[in-house]
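Engineer: Given next are the chains, with one letter for each unit.
Protein chains: 2
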Amino acid sequence: MTAYSDLMRFQRETMALAQVAGRLGWDQETIMPRGAAPQRAEEMAAMESVLHARRMAPAVADWLMAIDEATLDDVGRANLHQIRRSHARATKVPGDLAAHIARTTSAAQGIWAGARADDDFAAFAPTLKDVIALKREEGQALAEGGDVYDAMLGDFEPGTTGADVAAMFGALRPHLSELRAAVRAAESPARLQGTFDETAQMKLTRQLAKTFGYDMSMGRVDKAVHPFSSGSGLDVRITTRTNPKDPFSCFYSTIHEVGHACYEQNISRDHLLTPLGQGVSMGVHESQSRIYENQLGRSRAFTGWLFGQMKDAFGDFGIPDAESFYACVNRVSDGFIRTEADELQYNLHVLLRFDLERALMAGDLQVDDLEAAWNDRFAADFGYAVDKPSNGVLQDVHWSVGLFGYFPTYSLGNVYAGCLHEGLRAALPQLDDDLAQGNTTPATTWLRENLQTHGGLYEPREVIERASGIVPSEAPLLRYLRAKFSDIYAL
Amino acid sequence: MTAYSDLMRFQRETMALAQVAGRLGWDQETIMPRGAAPQRAEEMAAMESVLHARRMAPAVADWLMAIDEATLDDVGRANLHQIRRSHARATKVPGDLAAHIARTTSAAQGIWAGARADDDFAAFAPTLKDVIALKREEGQALAEGGDVYDAMLGDFEPGTTGADVAAMFGALRPHLSELRAAVRAAESPARLQGTFDETAQMKLTRQLAKTFGYDMSMGRVDKAVHPFSSGSGLDVRITTRTNPKDPFSCFYSTIHEVGHACYEQNISRDHLLTPLGQGVSMGVHESQSRIYENQLGRSRAFTGWLFGQMKDAFGDFGIPDAESFYACVNRVSDGFIRTEADELQYNLHVLLRFDLERALMAGDLQVDDLEAAWNDRFAADFGYAVDKPSNGVLQDVHWSVGLFGYFPTYSLGNVYAGCLHEGLRAALPQLDDDLAQGNTTPATTWLRENLQTHGGLYEPREVIERASGIVPSEAPLLRYLRAKFSDIYAL
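Just so you know, the protein sequences line up as chains D and R, in that order.
All residue numbers for the first sequence refer to this note's numbering, where the first residue is 18 and numbers rise by one.
All residue numbers for the second sequence refer to this note's numbering, where the first residue is 18 and numbers rise by one.
Read the hints as simulated data drawn from the structure, not as lab findings.
Treat the hints with care, as some may be off.
Where chains are identical, the list cannot tell them apart; a pair therefore holds if satisfied intra-copy or between any two copies.
Listed next, the in silico DSBU-like pairs over lysine-lysine satisfying Cα-Cα at most 30 Å (straight line) [stated by the list, open to error]: (1) Lys-262 - Lys-501; (2) Lys-240 - Lys-227; (3) Lys-240 - Lys-146; (4) Lys-227 - Lys-501; (5) Lys-328 - Lys-501; (6) Lys-262 - Lys-227; (7) Lys-328 - Lys-262; (8) Lys-240 - Lys-220; (9) Lys-501 - Lys-109; (10) Lys-328 - Lys-240; (11) Lys-328 - Lys-227.
Please build the complete structure, drawing on both the sequences and the hints.
Structural biologist: Structure, rendered in structure tokens:
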């Protein structure tokens, strides 16, 4: 057991250092003085260099060799499995290649931002080709003869292949597109109008965070340009934003990030600062943020309660009753931008990116054809044409920084949330009565006890199945979306 | 030059990591959620462990051996000197002893706090004996046959010996005590009365920080229980506190910390993240905080301007005119506590601690006799008796955490500030006219150009002499204090 204890002690220190690096990122996005940026870049690089060296440490390989797995319990084996995977990930990629990727993607992000500002895909294309070539090389090193895209996906969603995802997304797409067309043809609910005091937004958003079970004694809510959740264990901080015209952006960003944060806060303390002490995958993480935000936060029952809270906070804001408020919260609008999309259309954006990036990696699509491919696909799924690259192929930062295999986890999260929601409804028949009182505790307790507490103990698909009782599939999500939007839009 | 470049690259990363560790401390004292404390302790320990390993790194010894000093310029030699000192410091102390000290002082701090709360020195004495024994062992390892106390002092004030300090402080003490007795016998100015809105205090305190040249684009002002300055280079943050009854505590804590912070902010950018890129010693650091706070901030000219600012912020607060305000700011009051002492009495507190801790380390004073020795000395210097241990020997945390050799740097700072003040007055004959307008720029520019910009380039006493044109001595401080308090108290 000595090798295992030594490895875990080393690992615990590494996890603590990773928390420090993460908090440095939080500081940078929230409260850092602007002039500190150049020094901060060196501080972040120094932390990254320390963490990289620890991930590669030869001592880890020695411990892994020395451990007799038969002597370990389930938790021990799961820890070992996570450490093996992360060590293999770090050691398979040659150092020169990793450094080359870091340099190239760092420069590419700036080139992408310039090209997007100029609406000029051609200015970004050569850089994207470089990034893809390097990432493919990395993928080959990771895949060791297997599928390159699967290796990339494995960084974010271990145990899931591109073929798994393609099957699920392929089954989802025509139904989503059809439902969307029907909604577009129907009469639309009213938009929210007027202005909403930003201080009052922040006050209500903090209340909402607590309502959804976020533990403020181990967290903070601050403002940032992009909402995010940061940290694991006893210090998990979230950010949100305010826009006087759009309080829903503030409230639903907060509830979304609270979903991420509660996942991290609610992992069993037994796993604190161990490989199991953080969310098991991006997809499962997104399932928590999305079920908090959508299936709970945008439900008829909960919006009924929220309508009263908003009237208390802002007075009469022109929406006559709870039913109109529910429709307004869930209004489906035409648009080009993924991050602004409602829950009906969001997955169409993601499915598009998944198919294109998988084709790029397989060599079935060339960068020179990417803009046209994007625009054709968008027109087919959404029913109108992309007007400019910043509303199309240039809208997301991900590819410029080498994030291939990340996009599908957004929709996997929605698929998982669909499964969990059916499990939750079956377990808690009185759920809507509680939500109508602003009481999320039964729902969040169910999620904590059935999923969140396990952290990295089970593989992604396994933990979803254990919690929901459903083999992960797109069907529950589709049932949920159909029922909800057919009702709101009287289809 | 390769060994030097390699060493400096390694060192730069170490300095960046030290900045990260420091910022973690800032976060903990200002905005960290309270429930995060146990995890934070592990994060801090992990950072300390990384930094410790880098300070001890065998590669550093190899580089130090390989460097040909003759090929370096002044800056290179100064960097090398600092790295050599720090590497020697880290490698001379056996690892077991360092760990033993860390464990003992960590526990001792809690025992000291309990003993202070109970006013029971006997409850702390056995622990203090252990700390002293361990620190003496460490001092012997550092001193390698030389004076143990000198070795401890060298951690905070390199190039200065206990004998140097004893000579200076010995010359200072009778005059301070005599001046204090005369002030005590004279009529006292009015105390500040009333309550002062804490939000308005924070607003004015931020204004004061800017007035003294603190660059807010590379810093922040937040509240904390104890005011402090944290960080070097491009991210130097300060904290202050508010008390509705005592706005001077807020304003002068801020100005004091701004002195520390401006020293760090104003070091030449050439030295950023190098060993020269931080204040050269605790004494020189304190000279900056004290000259900002006292010789500038508590001057008749500047308080005249501050009086107007306070009237604008708080309305009439019962002080009739600028002259009464100046006397009120500089009022000398009886008291037991070092951290609450005015600039006349402060050094008497420090001199007491210096003599006692030096005697403890030399074995000339035993812990069992410490309380009596403290009380006798206090009565002799202050003219009244200590009423309870929490107002006497138990008031400071320093000894419990093993900080021996630190206390004298507080008064060295005052001595250095006295020298710098004479140099500054000689260089800027119109200084009072500027201060009376709330314009500190000529003074802070002089300090920046003559002292702060150099960072660690010159040894402490050398940089004071270069800047002030005066060989460091207690005489200028004494002249300043005599003139100021004779005037205010009409002696």
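Engineer: All hints are to be evaluated individually against the structure, with a verdict given for each.
Structural biologist: Each hint tested on the structure:
1. Lys-262 - Lys-501: For Lys-262 and Lys-501, the Cα distance is within 30 Å only inside one copy (26 Å; across copies 59 Å).
2. Lys-240 - Lys-227: For Lys-240 and Lys-227, both the intra-copy (17 Å) and inter-copy (25 Å) Cα distances are at most 30 Å.
3. Lys-240 - Lys-146: neither (36 Å within a copy, 50 Å between copies)
4. Lys-227 - Lys-501: Answer is within: at 26 Å inside a copy they meet the 30 Å cutoff, but 56 Å across does not.
5. Lys-328 - Lys-501: within (24 Å within a copy, 62 Å between copies)
6. Lys-262 - Lys-227: Intra 24 Å, inter 35 Å, cutoff 30 Å: intra-copy only.
7. Lys-328 - Lys-262: Within one copy only: 16 Å inside a chain, 40 Å across chains, cut-off 30 Å.
8. Lys-240 - Lys-220: Answer is both: 12 Å inside a copy and 21 Å across each meet the 30 Å cutoff.
9. Lys-501 - Lys-109: Neither, since 46 Å and 71 Å both go past 30 Å.
10. Lys-328 - Lys-240: Within. Shortest intra-copy distance 23 Å satisfies the 30 Å Cα cut-off; inter-copy 35 Å does not.
11. Lys-328 - Lys-227: For Lys-328 and Lys-227, only the intra-copy Cα distance (19 Å) is at most 30 Å; the inter-copy one is 42 Å.
Of the numbered hints stated above, those contradicted by the structure are hints 3, 9, listed in ascending order.
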